[in-house]
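Those protein sequences? They're chains W, H and U, same order as listed.
Here the first sequence is numbered in numbering that gives the first Met the number 0, starting from 0 and rising by one per residue.
Here the second sequence is numbered in numbering that gives the first Met the number 0, starting from 0 and rising by one per residue.
Here the third sequence is numbered in numbering that gives the first Met the number 0, starting from 0 and rising by one per residue.
Simulated from the structure, these hints should not be mistaken for lab results.
All C-beta atoms in this analysis are idealised placements derived from N, C-alpha and C, irrespective of residue type, glycine included.
Each hint should be verified, as a subset may be incorrect.
[As the list claims (entries may be wrong)] With a Cα cut of at most 25 Å, we get these calculated SDA-like pairs of lysine to any residue:
1) W:K173 to U:L14
2) W:K187 to U:K155
3) U:K173 to U:D157
4) U:K188 to H:K188
5) H:K187 to H:S90
6) H:K19 to U:P147
7) U:K188 to H:K187
8) W:K19 to H:R193
9) U:K155 to W:D174
10) W:K188 to U:A192
11) W:K187 to W:K60
12) W:K173 to U:T84
13) U:K188 to H:R193
14) W:K19 to W:K60
15) H:K188 to W:P63
[What the hints assert, rightly or not] A short list of chain U residues far from chain W (calculated; beta carbon distances all over 10 Å):
16) H37
17) R51
18) G107
19) A178
20) F190
[What the hints assert, rightly or not] Quick look at which bits of chain U chain W covers, simulated, 3 or more residues with Cβ under 8 Å:
21) 121-128
22) 132-138
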Amino acid sequence: MDTMSSQGGIRPNFLGDWPKIDSTAFVDPSAQILGNVHIGADVYVGPLTVIRADEPGPDGKVHPVIIEDGSYVQDGVIVHAREGTSVRIGSSTNLAHGVIIHGPCTIGQGCFLALRATVYNSILEEAVWVGIGAIIMRATVPSHTMIPAGTVIRSKYDVRYYRLTTAKEMEYQKDVFRASAALRDGYKKFFSARSK
Amino acid sequence: MDTMSSQGGIRPNFLGDWPKIDSTAFVDPSAQILGNVHIGADVYVGPLTVIRADEPGPDGKVHPVIIEDGSYVQDGVIVHAREGTSVRIGSSTNLAHGVIIHGPCTIGQGCFLALRATVYNSILEEAVWVGIGAIIMRATVPSHTMIPAGTVIRSKYDVRYYRLTTAKEMEYQKDVFRASAALRDGYKKFFSARSK
Amino acid sequence: MDTMSSQGGIRPNFLGDWPKIDSTAFVDPSAQILGNVHIGADVYVGPLTVIRADEPGPDGKVHPVIIEDGSYVQDGVIVHAREGTSVRIGSSTNLAHGVIIHGPCTIGQGCFLALRATVYNSILEEAVWVGIGAIIMRATVPSHTMIPAGTVIRSKYDVRYYRLTTAKEMEYQKDVFRASAALRDGYKKFFSARSK
Chain W
0 MDTMSSQGGI RPNFLGDWPK IDSTAFVDPS AQILGNVHIG ADVYVGPLTV IRADEPGPDG
60 KVHPVIIEDG SYVQDGVIVH AREGTSVRIG SSTNLAHGVI IHGPCTIGQG CFLALRATVY
120 NSILEEAVWV GIGAIIMRAT VPSHTMIPAG TVIRSKYDVR YYRLTTAKEM EYQKDVFRAS
180 AALRDGYKKF FSARSK
Chain H
0 MDTMSSQGGI RPNFLGDWPK IDSTAFVDPS AQILGNVHIG ADVYVGPLTV IRADEPGPDG
60 KVHPVIIEDG SYVQDGVIVH AREGTSVRIG SSTNLAHGVI IHGPCTIGQG CFLALRATVY
120 NSILEEAVWV GIGAIIMRAT VPSHTMIPAG TVIRSKYDVR YYRLTTAKEM EYQKDVFRAS
180 AALRDGYKKF FSARSK
Chain U
0 MDTMSSQGGI RPNFLGDWPK IDSTAFVDPS AQILGNVHIG ADVYVGPLTV IRADEPGPDG
60 KVHPVIIEDG SYVQDGVIVH AREGTSVRIG SSTNLAHGVI IHGPCTIGQG CFLALRATVY
120 NSILEEAVWV GIGAIIMRAT VPSHTMIPAG TVIRSKYDVR YYRLTTAKEM EYQKDVFRAS
180 AALRDGYKKF FSARSK
């Protein structure tokens, strides 16, 4: 295993698909990025995360896990997809510490998933807020919905009567994004200076 | 720490017990396997997992953490045991991403623990299904029980009235197992080819 | 990234703040300790943890994450703080496997956070017990309170009517502390012997 580990956590899956990572993204050296993963511009990927695309479908190909421009993937996040399915994380979306996303999943742009939220086989439209520790399975959540901390959504029938996000919550989200952008830029500069 | 870290994540506990890993198992290079851990044939152990057996009992010995043949330990899983206790994961059992098992625990064969399930000081008999984010403490769960996502079982008195798994759920489980077996075989072949 | 990864997981944040770790503490080689983190005497930090202090406040400075003497940080724990805020974990406190603490937070001495508890923007006074998977947000929890497994506290109005910890629970906690101290001492001795 020496050959692999010397390349760090960015590595191919067993079919030989390598991650494609935009040069403006920052990936922490302890992150594990495996296989057909596409990471867009200005993305931040924190410590001890796993983003893994390696289960081929019936056609023998692995569908991609895509993290679009300007999204944040905080410490301990895990993103994976079932065979023949994909995950798309829209732009400017935040996956807080300990979030798990298991495909098939589509997360729209501007979503905010708080600490340890879990999403499986679901669609979140735009600017959805998922509270701490909430679980969402087999459902489509409309844009701007606020799912409170600890909520368990087991099917599409459970998505109802949730309120929209407030101006205060949007303000908080903006603060988190600004701070995360500063981290991304700071670490990129820091690592770049050290490697010279 | 150089000596240790150069050996990767498979390492002894402080009493000098080394993991015993069957040559047909696949262990991701970022997994941390410490101490008196026994990993059987055809087991898959994913990225950033911890399987740790290092707390000696009154007799000064560390009881084993055993992962039996053909089981799957997905990304971010943590398995540990209290002093003088052990964990046994039966054959053909799946621990999905982010599961925590804390011994003393016995998990029977053919169980399916979904994303982020937590089991502490409990017995799961055979083919038990534990839904996403469910918590099971100090209980014995009968064979073929289906514990829904987000359930909290705080003691043996909470284990009642749960339905059995359906044929559809068993079919899904079979799909996951087939996909995980393909990963295990694919990665074993891939790493073996690279190390030549 | 070669320069960084060769130094292991104990590393500066992008502003150049290095962790300060007491020589009597034990930090597992796979732990990621970043930035303005202070780790006191006799602390144990387990595998694949992240303790990270790197978001500067308006004054350009990163406030510290402090783990006081004799505390235990088990596998997979994540501790982080929002910009310009800090986290203080009091002495002789246990953060069990998979706990997340997100600052601003103050955790008093002698607290016991069980598996996968999540605390955000809160104060726990002394000897608080937080059960498995419980979530505490924006609240102050009085000393000796016992928050049961799976509880969701979304604001200060949810903290009421919880009972105090029992003598049996305190006894259990003492057992866990004794076992964790043995691990810390054992690993310190073990690594020190190997590095000679």
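Tested hints:
Between K173 of chain W and L14 of chain U the alpha-carbon distance is near 22 Å, which keeps this suggested pair within the 25 Å criterion. For the hint pairing K187 of chain W with K155 of chain U, the CA-to-CA distance comes to about 39 Å; that exceeds 25 Å, so the pair is violated. The straight-line distance between the Cα atoms of K173 of chain U and D157 of chain U is roughly 28 Å, outside the 25 Å bound, and the hint therefore fails. The straight-line distance between the Cα atoms of K188 of chain U and K188 of chain H is roughly 38 Å, outside the 25 Å bound, and the hint therefore fails.
Between K187 of chain H and S90 of chain H the alpha-carbon distance is near 19 Å, which keeps this suggested pair within the 25 Å criterion. Pair hint K19 of chain H plus P147 of chain U does not hold up; C-alpha atoms about 37 Å apart against a cutoff of 25 Å. Proximity of K188 of chain U to K187 of chain H is assessed by CA-CA distance (about 35 Å); at most 25 Å being required, the pair is judged violated. Under the criterion of a C-alpha separation no larger than 25 Å, the hint pairing K19 of chain W with R193 of chain H is consistent with the structure, at around 21 Å.
With a CA separation close to 23 Å, the supplied pair K155 of chain U and D174 of chain W stays within the 25 Å bound. Our distance criterion of 25 Å between C-alpha atoms is broken by K188 of chain W and A192 of chain U, whose separation comes to about 38 Å. With a C-alpha separation of about 33 Å, the suggested pair K187 of chain W and K60 of chain W falls outside the 25 Å cut-off, and the hint is violated. Restraint check for K173 of chain W and T84 of chain U: satisfied, since their Cα atoms lie roughly 17 Å apart, inside the 25 Å limit.
Our distance criterion of 25 Å between C-alpha atoms is broken by K188 of chain U and R193 of chain H, whose separation comes to about 36 Å. Proposed proximity of K19 of chain W and K60 of chain W is supported: the alpha carbons are some 16 Å apart, at most 25 Å. Only pairs whose Cα atoms come within 25 Å are accepted, and K188 of chain H paired with P63 of chain W is accepted, the gap being roughly 22 Å. At roughly 19 Å from the closest C-beta of chain W, the C-beta of H37 of chain U stays outside 10 Å, upholding its exclusion from the interface.
Some Cβ of chain W comes within 10 Å of the Cβ of R51 of chain U; the nearest lies about 7 Å off, and the non-interface call is violated. Here G107 of chain U stays apart from chain W, with its beta-carbon at least about 21 Å from theirs, past the 10 Å limit. With a least CB separation of 25 Å from chain W, A178 of chain U remains clear of the 10 Å interface cut-off, as annotated. Every Cβ of chain W is farther than 10 Å from the Cβ of F190 of chain U; the closest lies at roughly 20 Å, confirming the non-interface assignment.
Counting residues of the stretch 121-128 of chain U whose C-beta sits closer than 8 Å to any C-beta of chain W gives 0, which falls short of three, so the coverage hint is violated. Coverage of the stretch 132-138 of chain U by chain W holds in this model, with 3 residues showing a Cβ closer than 8 Å to a Cβ of that chain against a need of three.
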